[in-house]
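Undergrad: For reference, the chains in residue letters:
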Amino acid sequence: MSGSLLFDAIIFLAGAIICVSLAKRLGLSSVIGYLMAGVLIGPYVFGFIGEEGEDIMHFAEFGVVVMLFLIGLEIEPKNFWNMRKSILGMGGIQVALTVAFTYLFFAVLGFQWQVALTVGMAVALSSTAIALQTIKEKGLMNTTFGSSAFSILLFQDIIVIFMIGALPLLSNTSEGTDTDAAHGSETLIESLPIGLQTLAIILSVAIIVLAGRYVVVPMLRKVAKTGVRELLIAAAFLIVFGISYLMEFVGLSPALGAFLGGVVLSTSEFKHELESTLEPFKNLLLGLFFMAVGASINFVVIANSPLTIGGILLAIIVIKALVLFITGRIFKLKLDQNVLLTFSLAQVGEFAFVLLSFAFQLNILEQEQMDMMLVVTAVSMSLTPILAVLNERLILPKIGTKESIKRPMDHIAKSQKVILVGFGHFGSTVGRFLRSHGVEATILDFDSNRVDFLRKMGFEVYYGDATRLDLLESAGIAEAKLLICATNKVSVAKAISKIVKEKYPHVELMVRTKNRYDAYELLNRDVHNIYRETLDTSLTLASDALSKLGFRKYTLNRQVQNFIKYDEASLRRLASQPKLDDDYIFKARKELEQQEKLLENDFRRGIVAYDNHWDSEHIKQQLEKSKEA
Amino acid sequence: MKKVLILFAHPKFEKSRVNATLIERLKDKAHVTFHDLYEAYPNFHINVQHEQELLLQHDIVIWHHPLYWYSSPAILKQWKDLVLEFNWAYGPKGNVLQNKTVFNVITAGGSREVYCSEGYNVFTINEFLRPFEQTANLCGMHYLPPFAVMGTHNLSDEHLLHYANQYEQLIDVLQGDFDAKHISKCFFLNDLEILTV
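These protein sequence lines are chains A and B, in that order. According to the numbering used here, the first sequence is numbered sequentially starting from 38. According to the numbering used here, the second sequence is numbered sequentially starting from 227.
I should point out that these hints are in silico values taken from the structure, not numbers from a laboratory. Just so you know, even glycine gets a beta-carbon here, dropped at the ideal spot from N, CA and C. Errors might be hidden in some of the hints.
Unchecked claim - So, partial list: chain A residues that the calculated Cβ filter (under 10 Å) puts toward chain B: (1) Thr574; (2) Phe600; (3) Ser653; (4) Ile656.
Claimed, not checked - Below, simulated DSS-like cross-link-like pairs (lysine-lysine); rule was C-alpha separation at most 25 Å, straight line: (5) A:Lys590 <-> B:Lys255; (6) A:Lys122 <-> A:Lys369; (7) B:Lys241 <-> A:Lys585; (8) B:Lys253 <-> A:Lys585.
For reference, chain A alone in the conformation it holds in the complex (with noise of 0.2 Å):
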């Protein structure tokens, strides 16, 4: 049945289509949909894709590329330090305390250490892709489970660059090259002799942080200063494709390099931008990727030795869940929150295909020892969101109620509570306000130039279009209390306004204009913190000159207040007629009487006497009047 690639992509994608709507009707995370897509076209079911099954997990393994590209860019160096205790500990020992238990089991039943611990370290990585997009897909980023899940994540992240380097490390060298010579590899590291092979594994990485600072984010800048918008989304491609290219040239996974290269980004300006134009790539190719993990599952495998399989599937799922839980009671977590970390982790993960079949090229493993190993992962892996399932409706119902409090703001998956767009004079200044309070804002800014230069100074400032939906949600606005807009630009405030307002409209916003007239229009899109730039610091200037002119200050103050009170009350009867007909027209000029007339009663009886608070002067009249009386 293996057709042209027009066919193949019809097979995909009408798979994708009816199994993820099946799956989102009935409750399931879309995960199990694209799974049961997989089974169900791959060799063993339908049969549409047979062969080139592998082919396809090759290419879909570019989905997982470009997520964990994703999730580097999210995560910063000083993010990283704040979570440094929750991912060494709590990774640390799910690791650590995974690999001991894996190892000492299949030692056990008799393998060989170095098979034994080889497994163990692929054993002990749980699956990013799956875990991750289930989290974000249910909005549990933010709770204790969501952070401590993606803590551990990290580590695993980070410690299976060590494991990779590790593996040539176990393999019998004399044997190991022997068998590379047989397989005619053509990847550098296989052709380095043993101990070079982890320099040259340190070596690209270091490549890529290098090339990360001094190559990319100029490029990147070049190309935002063009203004052609495709152009980046050509350049976040190139960046993808060139890291994995320079993995698999010197044979390590692509997924760790672009793990790197999107830390090596995060802290550049272009970090909002390139995530909100990968991230529907990346869903649609880890959908590819979870479709080509359900066609990969061997059943022949399975058939051959349903027990073997079955025990050591079900072996390692308890132990990886004992240790989750063990590792989440010692991270204090609560009892609801803990179970759904254990079920969540609870499944071998993508990085073991890569350790695997390193370890098969190695020659720590033998084939059938791999194709089993494969099979577990591929089956635990679409376990995953089944036993999600079964936790959510039959165990954490009687465990009480799920915890909704949030952890504290000094975290990674903290969201920004303000966005701020515009980082002009005005914005800036507000930014630096906010911050010396200790609320970062995510900053969104057009100028690519004004980006770079503030930066400098040490601020934490992004590029990006904020008009467009989906950068805003980069940026976080689904968790967003406030947004405030302080562009010069009218339109622009406009724009974001009214997206928000549809998309978003739990989110306060707080909005800058020029005049009136732009007030007008946003208060009639039902915007009400409206910031008039030429407000207060007029009215500052006017009540200084005042008091130059001797007089008081403590007075103007409160008569600045009054007149502030009265213009935006006045404003906000006006924005509320009707615009641009007769009628507006006959209203704004009663209203401009009406200020005259105001304005001419304030001279005659003198600005001061609005009031008579602690006049003694005016009490003494109203008693010799009620004596008179």
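Mind docking chain B on chain A? Use the hints.
TA: Chain B in isolation, oriented as in the chain A frame:
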């Protein structure tokens, strides 16, 4: 020569004939610092360090204010709350104000007669000023009875001038050598026999 700090608090000084006259001659008097709190801090954002330095530089402090609702205008309370810090003005280590002299100069619309147990304000001015007295005590300062300008609603220009002269003379007396114990026995500083005007 002792240095005098007048902490003046009037939210609408521009409308106060009485205080304008009282202050007129003191503004530029030698060794007297006139400090207009509402003008200096129209937003009530008091510069604590500056205020503390001022206190250290002076020997006699005067809280000069109209009597509003049997107390001072709000900014003077704000001033006390912020400036008289723990372990600076009071507390185990707060001793910098010790042995300085402090008293109130007040202007009040009601006459002296209404401020007594038989009058409609029931309590005396001195009783109403107890929080100031105890503030001074806690800071180890010598608190003197108030100098009071009463019945300002019906005060003739002539009388007012008399008060202004007395106020200036009082400052002259205090700047020289005076017996704090003797002085603190009177009801109002206005009653001191040394004030000859």
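Undergrad: If a hint holds in the structure, say so; if it does not, say that too.
TA: Here is how each hint holds up against the structure:
Given the 10 Å rule on beta carbons, the hint for A:Thr574 is violated: about 16 Å separates it from the nearest Cβ of chain B. Interface restraint check for A:Phe600: the shortest CB-CB distance to chain B comes to about 15 Å, outside 10 Å, so the restraint is violated. Given the 10 Å rule on beta carbons, the hint for A:Ser653 holds: about 6 Å separates it from the nearest Cβ of chain B. A cut of 10 Å between beta carbons decides the hint on A:Ile656: the least distance to chain B is about 7 Å, and the hint holds.
A C-alpha spacing of about 24 Å is found between A:Lys590 and B:Lys255, which places the hinted pair at or below 25 Å, so the restraint holds. Among the hinted pairs, A:Lys122 with A:Lys369 is consistent with the structure: their alpha-carbon atoms are about 14 Å apart, no more than 25 Å. Of the supplied pair hints, the one linking B:Lys241 and A:Lys585 holds, its CA atoms being roughly 18 Å apart against a limit of 25 Å. Proposed proximity of B:Lys253 and A:Lys585 is supported: the alpha carbons are some 19 Å apart, at most 25 Å.
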